[in-house]
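Respectively, the protein sequence lines represent chains P and S. In this text, residue positions in the first sequence follow our numbering: the first is 1, and each later residue adds one. In this text, residue positions in the second sequence follow our numbering: the first is 1001, and each later residue adds one.
Certain hints may be false.
[As the list claims (entries may be wrong)] Chain P regions said to be covered by chain S (calculated; three or more residues, Cβ under 8 Å): (1) 65–79; (2) 83–91; (3) 104–118; (4) 232–239.
[Stated by the list, open to error] Every beta carbon over 10 Å from chain P, so not counted as near; a handful from chain S, in silico: (5) A1117; (6) E1204; (7) V1209.
Since the hints were made in silico from the structure, they are not lab data. Each residue gets a CB set at the ideal place from its N, CA and C atoms; glycine is no exception.
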Amino acid sequence: MPTGAPMIEFRAASYGRNGRPILSGVSLEVPEGELLVLLGRSGAGKTTLLRLVNRMLLPTAGEVRVRGRATPQWDPIRLRRDIGYVIQEGGLFPHYTAAENVALVPTLEGWDPGRVARRVDEMLRLVGLDPAELGGRRPRELSGGQRQRVGVARAMAADPAILLMDEPFGALDPVTRAELQKEFAALARKLGKTIVFVTHDVHEGLLLGSRIVLMAAGRVVADAPASQFLRIAHPEVQAFAAALDSAPPTGGAPHAGGGP
Amino acid sequence: MTPTSFFIEHRHEILAATLEHLAMVTVAILGATLIAVPLGMALIERKRTRAAALAAANVLQTIPSLALFGFLIPLPWIGGIGPRTAIVALVFYALLPILRNTCVGLAGVDASVLEAAEAMGLTKGQILWRVRVPLSFSVLLAGIRTATVITIGVATIAAAIGAGGLGTFIFRGVAMVNDAVILAGAVPAALLAVVADLGLGWFERRWKVA
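Whole structure, please, built from the sequences with the hints as guidance.
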């Protein structure tokens, strides 16, 4: 891949179902190594945009290109194995231990067992979990925060170039959420992966993102570096800025309105 | 003659009939499982066909058992008098609970787990065998348990078409107006059903995830 070419590119991408538009003509480039935050209210089309990247959905108009190739040209299995995906509540396999969850994609990719085991240890440590103590536990034997850490470790296990994260910390209590946000901000800087992070929490977006894209009703309404985002005059940006002002001044995480 | 002395005197016959009964039920359940489980797997993403298949299995189970035996006897190949016809009827009876639980179990897996599996690049086959089947295995076993208990009961009626089994004693005892002979068939049949229910229920709980 030529350097400087966008890792992910939306070209006038639209998506609709049953004649109802969900995304309308989104154009966006995500360069390699960027942590892009997709901000917006529930129903703004953030998750749909994310699902266009790993071909869980195909655009009904326009195109989405990953590493220079339009998604219909990708084998979906190949494409997804190289894109880590983290969702709210983690989506961990309840019948697998934490270690087995993390080992899944490398195993499917045919890594030899010794390398998989080393990788699992490395990933669990990376997200702040002790493999000896917690690796053998099933998801139901872990706390919400621990489950979410395992979800992040699992997404990164096969060393994907891209991470897609859909409100990964949305279901956590405020204290745990603030902890994970802080740690993840440091981790993301260290790893330098291309990350698209969906959230409806403007505080979280400002904390993590190098760039913030605001969506409303299936369109991009603002796109700016995090440092300049709040200065945009668009009413939707100002609505989110107001939400930030009304948050309790604890320096920690504001209440994100409960989340879904 | 008391039932006890009849039991003791005829223990070899009763044991043989019990084994015959068990063999009939086992073959029927294996057959029904081999039909219903793959069918349920094939219908995961075909909602309409699934509804049609469940409706058909439902109709089969609604037919009274003696009538179903009657329908099958005149048919070529599978019909006639004897255990073969009985086993075909028992398979029909066992289909519904197994198919229904297979469909419900496979479709009932947590949507976020399925989404994660798809997003991680698991193929449809890998999602089936690594996610859906292990997570719905206890539901599937519950279907097999229900089917087994039903089949043990219906198989007693199979003696009416010369299929043998414990029903032989029951029909003979009714004809002879002899309680001891009836009980020689009825007690082991009831015990078989209870033991099968408890045993399969234990197995089912062992497989329960989360």
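Evaluated hints:
no., hint, in the structure
1, 65–79, "holds (count 4)"
2, 83–91, "holds (count 7)"
3, 104–118, "holds (count 3)"
4, 232–239, "violated (count 0)"
5, A1117, "violated (7 Å)"
6, E1204, "holds (15 Å)"
7, V1209, "violated (4 Å)"
Checked against the numbered hints above, the structure violates hints 4, 5, 7; every other hint is satisfied.
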